[in-house]
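Participant: For reference, the chains in residue letters:
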Amino acid sequence: MADLLGKDYAPPDIYGKVTGRAKYAEDFRRDGMLFCRLLKSPMPHCRVRGVDATAALAMDGVVAILRADEVPEQAGPANNILTDEPHFVGEPILAVAAVTETIAQDAIDAIVLDLEPLPFCVDPLESLRPGGPNARTDGNTVVSGEVQERKWTEEDFAAAGEGQLPMGEPGTEWSYGDIDAGFAEASIILDETFVTAGTSHHSMEPRTAMAYWENGKCYLHASTQSQSFVHPGIAAYIGIEPEDLVYIAEYCGGGFGSKGGPYPLLSIPAHMSRKVQKPVLMRISRSEEYFLGSARPGFQGRIKMGFRDDGRITAIDVYIVQENGPNQGGGDMNAAASAISIVYTPLNMRYRGMSVLTNTPPRGAQRGPGQNQMATAVEPLLDKAAKQLGLDQVAIRHINAPTHESLYGSNRSGITSAYMREALEQGAERFGWEERRARSGERNGSKVRGVGVGQAFHSAGASGFDGLVVLTPEGKLNIHSGVGNLGTYSYSTTSRVAAEVLKCDWENCEIVRGDSSRGLPWTLGQFGSNTSFTMTRTNFAAANDAVRKLKEIAARRLGGSASDYDIGNETVFARGNPGRRLTYAQAAQAAIEIGGEYSGHEVPDDINALTRRAVAGLAGTGLIGVARDNLPQTGMVPALAAGFIEIELDMETGGIEILDYLGVADCGTVLHPQGLSTQIKGGGVMGFGMAISERHVYDRHWGLPAAVGFYQAKPLSYLDVPSEMDWHAVDEPDPNNPVGSKGIGEPVMGCSAAALLCAISDALGGHYFNRIPVMADMIINVASERSQSHGPLQVNTQ
Amino acid sequence: MMKDMMSGFELYQPADVDDAIQLIDRYGNRGWKLAGGYDSLDWFKNRGKGPEAVIDLEGLDALKGIRETTDGVEIGALTTLTEVERSPLLRDRYGLLADAARRVASPQIRNAGTLGGNLSQDTRCWYYRYGVDCYRAGGNTCYAAAPEAMNREHALFGASRCVAVTPSDTAPALVALDAEMVVRNARGERVIPAADFFMEPSVDIQRMTVLDPDDLLTAIRLPASWAGADFYFEKVADRKSWDFALVSVAAAFRTSGAQIDEASIVCGAVQCIPRRLHDVEVLISGRTRNEETAALAGAEAIRGAEPLDYNHFKIPLMENLVKRAVRG
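Chain order of the listed sequences is A and B. If you're matching positions, the first sequence starts at 1 in my numbering and goes up one per residue. If you're matching positions, the second sequence starts at 1 in my numbering and goes up one per residue.
Rather than coming from a laboratory, the hints here were simulated on the basis of the structure. It is possible that part of the hints are untrue.
[Said to hold, decoys possible] 27 Å max Cα-Cα, derived DSSO-like pairs, lysine-lysine:
| id | chain 1 | residue 1 | chain 2 | residue 2 |
| --- | --- | --- | --- | --- |
| 1 | A | K40 | B | K3 |
| 2 | B | K45 | A | K40 |
| 3 | A | K217 | A | K23 |
| 4 | A | K278 | B | K3 |
| 5 | B | K3 | A | K275 |
| 6 | A | K23 | B | K64 |
| 7 | A | K304 | A | K217 |
[Unchecked claim] A few chain B residues that face chain A, going by a derived Cβ cut-off under 10 Å, partial list only:
| id | residue |
| --- | --- |
| 8 | S7 |
| 9 | L11 |
| 10 | W126 |
| 11 | P307 |
| 12 | H312 |
Keep in mind the model is a prediction, meaning the values are calculated, not measured. Heads up, the beta-carbon is just placed ideally off N, CA and C, and yes, glycines get one too.
Please model the entire structure based on the sequences and the hints provided.
Facilitator: Listed below in structure tokens is the structure:
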């Protein structure tokens, strides 16, 4: 019996990371390899009228220039590979390949661009004003996936009133129940305008790619969170069939959503390599990441919430204007609205949204996309309502928290399990909430104590993907993982399910991953907190397929029927006569001899083409277990988290000392305690940064970004947070998962951000900023009774 | 815009000071002195500075270390910030400087960064660092003082075409301690009071210190006058680590019982140079060190402040920090 789940263990790639032997994309070299660098737009929006590269091409060591017309054009508003109409500062215009990076940059410096400046915009509301600038020549919004020009009327702006979000015609909307009736039933109503800043992803490893071509195939080393999921998209960017791409992504130095899907930049070295017939490496630098990486969309929003005397939310009416960057951007605002529906379960709800284009970095998913912005906006307002109603902060959350019967989003779908109430109860108990709350407001010189509780959510699981395992004639279990290696070790932990089902010694297992030529199944990407749910199911399905085949092989070889057999100690044996048995090694050898589905020469009809190719490459190497996850899924899988915090706030300096933090997860059955603890604490620190330090600042006049380095963008470090933080899991199984698991990575960030903001407001005696980040200057201004420097709706100022 | 790719240059690694001085003299403004590198390498990578030759000072052991002199302490300019932070001698007698050094950047940067480098580093105005053609970069405008500019970190005092501030944490401490800077060049050695070491934009907008291209800062001298005084250092920044001050205060007091006999108070990050608060010092001398005196000092400290659009919070912050220093 394997008994692997719920135990700490050392994931196999940890040794490489700790010793430095792990090879990331930029660590690879090939004979004759060239270096490629990008000439990037200095303007937020312009048209390239001419490029004079005469001097650059004449330099020793300069090999080639790659222009936008040499790579597949991406239909707007998709992100470009290269472009002659850049829409943000730092968008790549062309690439130069040279024998060294220095020469490539020298060549870029020698290129003379003729640029025609075009109108640009860094504030969505400015763009929505009549006559306001458009971020793209074809429009200023994305509505139903298409760029459209939308303007609101002067009347819309006038009707909003000073400092409140105008609410013109939305790009999208949905509702359930009757919000008017809901508000009529309410004892108190809050109507609040808020702003949440976009934030950069800050991945430690900048995006980097190295490509070469051999025998008609493109070999690409790159940095992505996901493996199989990105494969077809990357092939499309390169302009080849997926089977002609060998994609190698063994390690990823963080993505936080920015490397979850395929991204066009990856294909530049492949295009350049095809052009120059040499391997090409393109390293993106730390500061370049801040320009052409990506960022979380910011919100300018307005939320009206009605509460009964007991704190129950009768109605929510929310309007979100999303700062979306210049391209397709993110679905954050829709996800944010859906999050409201499940975290606060309002009896009636309406959502309206407008995604507005700005000439800022392309936006994309970042840890808790939409849900976490919403947590930072709504949670402090729960406290505001609780204060008015004389309720405890935990109590007002508890009464609105979801149960297993709660419904999700616009289509009111069911959910698989929800233990937010238990998370709140257990968290309050473990944190000593009552005691700490009693200390709230205590002064110690210029310092005042504050406490906060925050909640967050993300849908955390999917189904229908493929699993693939191979029992080899050497008696090893190879678990083929296509999920990717974001750094959370969930690729490894979910693989242990296959070992568990097959009752294999973990020492006898190898996780095969990181290189598509090794035969990796089609799975969902490593994003959206889904891996723990989705990939336990695929591995469960594939391992069970292997178990079935083991038993059938045993019956063929040893007589009787498959149902007479069981597995254990890496053997398949007759239940009444354990001596009648085959070792896994013997069974694997038999599978090769029998052929057909046992050896992978036949595969199920319902598996993905990518899995089919993977199995074709492995056929005949052992007993192949391969299956699509056809287990039932009855609803959305909610990952829920609650954070509890106590702080000391210095009224004279705006300084915040986090005294204690507890993160509580509802992630189903815990698979890997150490991994979970790291997620809760790491997500906690990232959330603190979102709440109080991470900057996304633009000069409106020039459209230039101010925060283009770690020291300017200011994610928090370990020295900003307590060295010890606490964590806890409700540890109740999700009924839709064979091992009870569901994901958790994203809400553990949102709940900490929300808790910290609530604690700051608590320490300030009930001042609500309705804005993130809450920087020291804002606290000092409140403490010294000064006005804020920024307007209530202004964006990109902190 | 950031390029993150250095150009080539000649690298010299002299092993003694005379050789270094000779090289510095030979290359003048075509050369660049490299100490810990945390300012220099950013400039090189961004190609904002492209020296023909880099003179790496790392091998100059004579410029490292902390030693007692007949009138105080002398610190070699290449002494790391970690050494300054941890020196028992400094902690005992000049705790103000040790405290300031401990708040510089991050532990890793302090291990490589030097006291001389921390004092000589360029301003962190983000527009200037971004590479715009502002006055300080030789252009003819100030982006940071423009009507829609983002100038949260910029100056309250002493603006003169440029509104950048001094980024150094140790500079206010050294000005408060009446330190002296020992500077050598091919023509000899001179000693400059710390108060005169830093450059106002009204005098030379393209420099942060009085150092000429052929000068080498060799040592910092701390006179005995303030040794063992009552010190107060505080830096407020967005992060506890790896951040520049929004406002800092460095102060030294000589007291008789509760009475302040003499004070030296300097604020960082409110002006292009460390701002010595002479008027506050005069005001509080002879007064009792209490809340009332602290309030007077705070109010006096901010007199004449001229905030920009996004930095008026620095006024109460500076007032509070001066109050805290005087309060003790």
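Participant: All hints are to be evaluated individually against the structure, with a verdict given for each.
Facilitator: Verification of the hints:
no.: 1; hint: A/K40 / B/K3; result: holds (9 Å)
no.: 2; hint: B/K45 / A/K40; result: holds (16 Å)
no.: 3; hint: A/K217 / A/K23; result: holds (22 Å)
no.: 4; hint: A/K278 / B/K3; result: holds (24 Å)
no.: 5; hint: B/K3 / A/K275; result: holds (24 Å)
no.: 6; hint: A/K23 / B/K64; result: violated (38 Å)
no.: 7; hint: A/K304 / A/K217; result: violated (56 Å)
no.: 8; hint: S7; result: holds (7 Å)
no.: 9; hint: L11; result: violated (14 Å)
no.: 10; hint: W126; result: holds (5 Å)
no.: 11; hint: P307; result: holds (9 Å)
no.: 12; hint: H312; result: holds (6 Å)
Violated hints for the displayed structure, listed by number in ascending order: 6, 7, 9.
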